[in-house]
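Protein chains in written order, with full-length UniProt numbering: chain A, 1 to 426; chain B, 1 to 426.
Any copy, or any two copies together, can satisfy a pair, since identical chains are not distinguished.
DSSO-like, lysine-lysine: derived pairs with alpha carbons at most 27 Å apart:
#1 227 - 105
#2 222 - 211
#3 257 - 105
#4 75 - 257
#5 288 - 299
In case anyone wonders, no lab produced these hints; they're calculated from the structure.
This one's a predicted model, so the numbers in the text were calculated from it and none came from an experiment.
Protein chains: 2
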Amino acid sequence: MNTQDIPAYMTRVGEAARAAATRMAAASTSAKNRTLLALARLLRDNVAALDAANALDLNAAAANGLSGPMLDRLKLGAKVIATVAEGCEQLAAMPDPVGEITGVKRRPTGISVGQMRVPLGVFGMIYESRPNVTIEAASLAIKSGNACILRGGSEAIHSNLALWKLVQAALVEAGLPATAVQLVETTDRAAVGQLIAMPAFVDVIIPRGGKGLIERISAEAKVPVIKHLDGNCHTYIDAEVDIAQALVVTDNAKTQKYSPCNATESLLVHVNQATTFLPQIGAIFAAKGVEMRACPRAKAILSDVPGATVVDATEADWSEEYLAPVISVKVVDTLDEAIAHINRYSSHHTDAILTTNHPNAMRFLREVDSASVMVNASTRFADGFEYGLGAEIGISTDKFHARGPVGLEGLTSMKWVVLGQGEIRQ
Amino acid sequence: MNTQDIPAYMTRVGEAARAAATRMAAASTSAKNRTLLALARLLRDNVAALDAANALDLNAAAANGLSGPMLDRLKLGAKVIATVAEGCEQLAAMPDPVGEITGVKRRPTGISVGQMRVPLGVFGMIYESRPNVTIEAASLAIKSGNACILRGGSEAIHSNLALWKLVQAALVEAGLPATAVQLVETTDRAAVGQLIAMPAFVDVIIPRGGKGLIERISAEAKVPVIKHLDGNCHTYIDAEVDIAQALVVTDNAKTQKYSPCNATESLLVHVNQATTFLPQIGAIFAAKGVEMRACPRAKAILSDVPGATVVDATEADWSEEYLAPVISVKVVDTLDEAIAHINRYSSHHTDAILTTNHPNAMRFLREVDSASVMVNASTRFADGFEYGLGAEIGISTDKFHARGPVGLEGLTSMKWVVLGQGEIRQ
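Bound-form chain A, shown alone:
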């Protein structure tokens, strides 16, 4: 397509997506699953061609001096392709969310009223360098009966174009419209501005990337945005707790991996457990080189731990998402103080209580206003795969529509269905 005139180009893309969405909403479960299985096969059969396209991006990126981690994210290769192909097959095996009818109840007037799950329509996905997101987003769109418009990072354009060709081939093979999944074929940034401001063609925008990108898109979008800003996750050690278990879970929540958004960034400890728990977790953190930014009471205890790096926490530390071997630590006097602190400083992503006290567990579950609230588990579990969603298109830190990991259901909504026998309103 001619991509010179961006507004005209994006309008054509939008119109095609809207038309395809109608066909995808009515598509049979069988056709959608056949598409996913064909896509898995095509991915495996075309590893060499995909690697060749990927090499163009990798060489350009290396020539432009991109860093090692950036090149890592950009790389496809047999292993990444096998993983996304398997993901397509897993989605094919999942129940179709579309058409589910729930809660049908007979009303006094005689009509039966319930709700039917239907696709949202068209979603726009804006993401950065990782080309496997192209397949993840396309496969979720296909299974959920939506059309999508994908705008990947410009540094991955050759890889994305090659992957997209396979998606289109799979759609056509199964008798579905190739335009159900479209890739923005230009790296011109003006296309993003258009994509987020076409309410006639796009129902929701899902950005994935740095906080700056997501804030900018949210501020400028003319359609709803499913957004994930940051993950300042808390683990709270209650007054009554299994200390041995709490040590294992807290260690896992912080140190199993530092970069994910569901890693714990702040540790709250009830004063009754502070002198028991803090020296032991402090020793674990010290051994792994985790810096502790502590309140005065926590610092007094942690400073005695051999080899520990303990500094004074500033006010800013309570809100910080470190994504690094750093954790803020605070001693609290009550469960109420812990809940109030979390509701004030958390990014509302994931927060956990470790406790043996049932009423406290239930109060924490109910009163902590976060997308995922956990009892006696590592915050690292907050993830679409771990929750059984099959795949996730993103994690929402918003309250509206979908909270937390967003899978197939988050790409749908419920319409009302009324089944009558000729009833009229009196």
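Starting from the known structure of chain A, fit chain B onto it as the hints suggest.
Same frame as chain A, now just chain B:
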């Protein structure tokens, strides 16, 4: 409160709402129900005082030359007060939506994952002259565990202030924060601009009023809007149909009341039924003075009906919400054409098929992309009370979050809950 400095005033209102929302989210079902029952009692006990406040508004409105229907909407009186008091009692009798836990499933890792229904937080409600909306919105906020900020029409300010005092008294009597329901005490329009642009304090805006107001608010809001633009509802007479029943239902859908948004504005008739159905429904419409704006084929048939007013439909007619004794009429050749016409011209509010053919009914249900889709029932049923929601805060024509009548559940969302026994991520 000092309302001179609007930004400072609205910030204080917003901060108080956010603080109250935390307490409302944790409020017991019993406290919320006691508030609603106290409010019903206070409303009934204060009819005279409410009428006196209402008289100030009515007199000012009459002096300003407001029209009869406007004065009607503004009027409280014993009957309106009895109705809203009864509404509070009905809400008290309904199950509490907050805290419902659904879909808890054990995962292979050992954790159990489910979802818990929680309040959205703070909603802002912007409405026009009818003061009973103050009680409807307040009572829905209380039962759903939200805080709300109400901005009623300036012409109803004395009535709204008097009603709000009773809401606050009921909250205090039940031990809940008076600030859970706040009324914007100034009629300065700048307050609306502030209310819709405080994402830190307001989670969602619900406007009720004319299309112009709602479009303006949607364009300018910095938070999600649950909006209802218009209701261009269709009734489609299928090829196989119970004609006697179809006549009764179509008549009801169009003529039972002309002003509601769920009244049918457009009639589609399958060509096989056109010569049978159209003359009969045409006679009913002619007798009631309903003007028919018809496609050429429909016009050829309807023009023979004695006393009928039949004119050529223009392209604009297919999109029109008349709210008047006018209906557009089109003959279609297939179910596909009917569905395509509806998906193109409908406002996605409510559309119905009248049919005896089961596959056609199921295709219509699935493929018509509207908030309410009906089989063999009058579109006039699209209503929160008729659907059993107890009450409705509005009707959404959006796809995101909530579609159609929005009741208690539409004012909540689902957070994830994870129940573990010390599990960690591998």
